[in-house]
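Asks: The lines below spell out each chain.
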Amino acid sequence: MPSVCFYFQVHQPMRLRHYTVFDNDQRYFDDHKNAAICRKVANKCYLPANRLLLKLIDKHQGRFKISYSLTGILLEQLQMYSPEVLSTFHALAQTGCVEFLAETYYHSLSFLYSRQEFVEQVRKHADTIEYLFGQRPKVFRNTELIYNNELALLIEAMGCFDAVITEGADHILGYRSPNFLYRPTGCKHIKLLLKNYSLSDDIAFRFSNRHWVEWPLTASKFSQWVNAVNGNGNVVNLFMDYETLGEHQWEDTGIFDFMRHLPEEILRHPDNNFKTPSEVVAAYDAVGEVDVRHMISWADTERDLSAWLGNPMQSNAIHELYRLEKKIKRANDEQILSDWRRLQVSDHFYYMCTKYFADGDVHKYFNPYDSPYDSYINFMNVLDHLQRRCVVPTIQAVPHPSPGPAAAGTPIATVTN
Amino acid sequence: MGLNDEGGHIRVFMLGWEFPPFISGGLGTACYGLTRAMDQLGVKVTFVLPKTVESEYVTHVKLLSPRSRRDGVSHVMAEEDLTNVIFKTIASPLQAYANPENYDERVEESLRLRREMIEQGKTEGDFHGSDYSGDMYSEIRRYATMAVRLARDEQFDVVHAHDWMTYPAGVAVAAVTGKPLVVHVHSTEFDRSGEHVNQVVYDIEREGMERADKVITVSHFTRSLVISRYGIAPEKVEVVYNGVERNGTWSVGSTSIKRDEKLVLFLGRITMQKGPEYFLHAAKKVLEAMDNVKFVMAGSGDLMYRSIELAAQLGIGQKVLFTGFLRGDDVRKIYQMADLYVMPSVSEPFGIAPLEALDNDVPVIISKQSGVSEVLHHALKVDFWDVNEMANKIVAVLRYPPLRMTLRSHGNFEVRKLRWKDAARQCASIYEQLLVAV
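As you go down the protein sequences, you meet chains A and B in turn. Everything in the first sequence is counted per our numbering, starting at 1 for the first residue and increasing by one. Everything in the second sequence is counted per our numbering, starting at 1001 for the first residue and increasing by one.
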């Protein structure tokens, strides 16, 4: 003890193209931009990081382990734009040292708006992961680590998961440490893994910050901090965006060198080891109960939902989106359903965030729009068009009595797309 | 703040334009807002402005007490609360927004008014037509001479001239008195005339900027124009953003009048610079997407009749209303009726009107070719020529209440941070730097 548990979030949104109220086609997404970004991130992060981690797994002969959560919307894009990344993930899956986690296929906020849609997306994601990597996920993480008691109850009720992952936020833990497993209030079986945000953020956010007193962060220094947990914790959960490696922290910050040396430094201490989330769940008992009545997430300092639902535009957009669910599903059209689901990707709502907008901060870096207002307008234009597409097919019992001259000889279209 | 080298308050000889209630545009609003704020900082200002012929004031008279005009409207001196400001007028037909092309008409109009007043016995005195030089350029030189004469009786530390017509006066006063000169660029010939630059005007502007010890521009947009088009040394040019005078009418719910018809507002001078034709082309596109909208063009200007014609030509004549120039309460009323304010300016050094719109809880779309887009984040922005996008955004604002709500609340909050007090402080610190350097 302690075990180090790495989980990397791997996700790329599918960005919308500029879509005005005057547009009238079904090409909602900016294929060119999505391809370019996917390839760029593949070259800066996914490929070098996958290759490095493969090497490290190989070198440490089963003692170095990691886990991933790959969103369905990312996998679709990798398939189209960077299939070589998929093969390296496949190679990682083959090592037996890599676990793949479950989440909503579309990286969506569906848990908040439609339980049925949520469950469908989780199943779709698990099916995809099993198909691609030959393992069915056993541990669930919700989009942006959004979590409360109800989520845990639903995940337990689904019957196929052993644990849920969320943020080790101070206000849910109080004096308690994130370095143990807990039991969600109301649950009997599943366990809760909590992110050690302090140590995770040392790598994800502070690594290249030259004003940080601990800069430069070396693998041996970081291992000292992990060793310090020894005796008062079972597991150090290091959860972060995969893009930390090479994209958020560029290669010239030394992030890859840091990762290259981290396993051997951690393993230098005989009590330390690496475990995947499922192994952690199998190895340790829950030491107490964590009661989370209000929604939490891993975003910003507030650790709440305000980055996605903080202003009237955001809540309007998402309500309108989910209000369409029945209509969409009744339309019974694969393309319509897929377009609707792609609009559920949480990033669309993140772009509409007005919090800190005027200060020009991290929100801006990830935002393809000039302003949150532009993103709302664009989203609503697309949604409006999508809505007009899902006209339910009506079967006409009696043929139309008198087709106009223009329509003569052609079947009467009753379905307008 | 604002002390001169003798330890007293800084005294400014300011060559400005227009004071309430006769404000015809942003230039007057800026002079007024800035001067008021300087007054509160304790900066002593001698505010010199031209007065047209029909005014009953004469040169060289310190206007210390309010007087009433014949029509009962109290004049500039109603600003009794300005304890550190002294007004001086120079009889001259120069007006804000005049240009060499319309100058003659305006002078004739003024002279005609004056003549009528004398004939009807409404005012005393002789007809001083001979006081006014024939063309605008000579009048600007004459104004400079008068300003020098006036300055001889005054004590001040620095000369501050607003926009090109007063630059020669500023240069002359500074030369005669040896005091440092600040010229304040609210707009340039390139903004007003596009690429059809009047060479004489350009030369006057350029000479003013070259002879100035400091050039203040109202935005970075204008600063880079001053550097690139006038060849002024970058280190001499500083940006001081305008502010907005809050009316204090934060009337929540006053806009909740239920109407079926939406109202989109253009408010400003209807001139090439303000892009009226882009507004109309966008209106045409909006009406393709929705029907229950009216477009109001409030303002006057040399493109007004052409705009009326264009609206008719586009087949949207019945959807576009022209109100002519609005002032005071009418402005307030039109803001209360408006669902959206659009400023499609082709080249806008700053643009105070959008701030006033936001102050009145009206969301705004502003052109990216404007200084105000540097300070406003909570506004929709478009390229002035992109009428498709302009229409797209207009439709969105009209269609989606949450968008209006968010723009309005954040925008109103943001506007409150843009204060004349800060602009005045920056000017005062520029004065101080100059006085130390002397």
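Hints are computed from structural coordinates only; laboratory data are not their basis. Ideal Cβ placement from N, Cα and C applies to all residues, glycine included. Misleading hints may appear alongside valid ones.
Stretches of chain A that chain B covers, calculated by requiring three or more beta carbons in the stretch to come under 8 Å of a beta carbon on chain B [to be verified]:
hint, stretch
1, 18–28
2, 171–185
3, 304–315
Asks: Please go over all the hints and tell whether each is borne out by the structure.
Replies: Evaluated hints:
no., hint, verdict
1, 18–28, "holds (count 3)"
2, 171–185, "violated (count 0)"
3, 304–315, "holds (count 4)"
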